[in-house]
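Enquirer: Per our numbering, residue 80 is the first one in the sequence shown, and the count goes up by one each step.
By construction, these hints were calculated from the structure, which means they are not laboratory data.
Note that beta-carbon positions come from the ideal geometry of N, C-alpha and C, so glycine has one too.
Label pairs and their in silico Cβ distance ranges:
no., residue 1, residue 2, range
1, E111, F90, 27 to 37 Å
2, E111, A91, 19 to 29 Å
3, R84, G110, 34 to 44 Å
4, D87, D107, 28 to 38 Å
5, E111, A85, 32 to 42 Å
6, A85, G110, 41 to 51 Å
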Amino acid sequence: MNTPRAVDPNFAQSLADGLTESYEAWCDRIGETPAGQDATESAVEEVAP
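All chains, please: the whole structure from these sequences, using the hints.
Expert: The structure is reproduced here in structure tokens:
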């Protein structure tokens with residue numbers, strides 16, 4: 080009988096961190112921020128008076 084191996088409790092966090100880093104790198108490559116805005120635009124658009 081095989082006993083199940085213990086799962087590293089930090090596995091999910093390390094996986095999520097890796098996915099987040101990959102997503103941010105992909106956004107940088109296509110020129111967008113992770114929020115979906117173009118990286119060349121400011122987060123808040125200024126309105127002319």
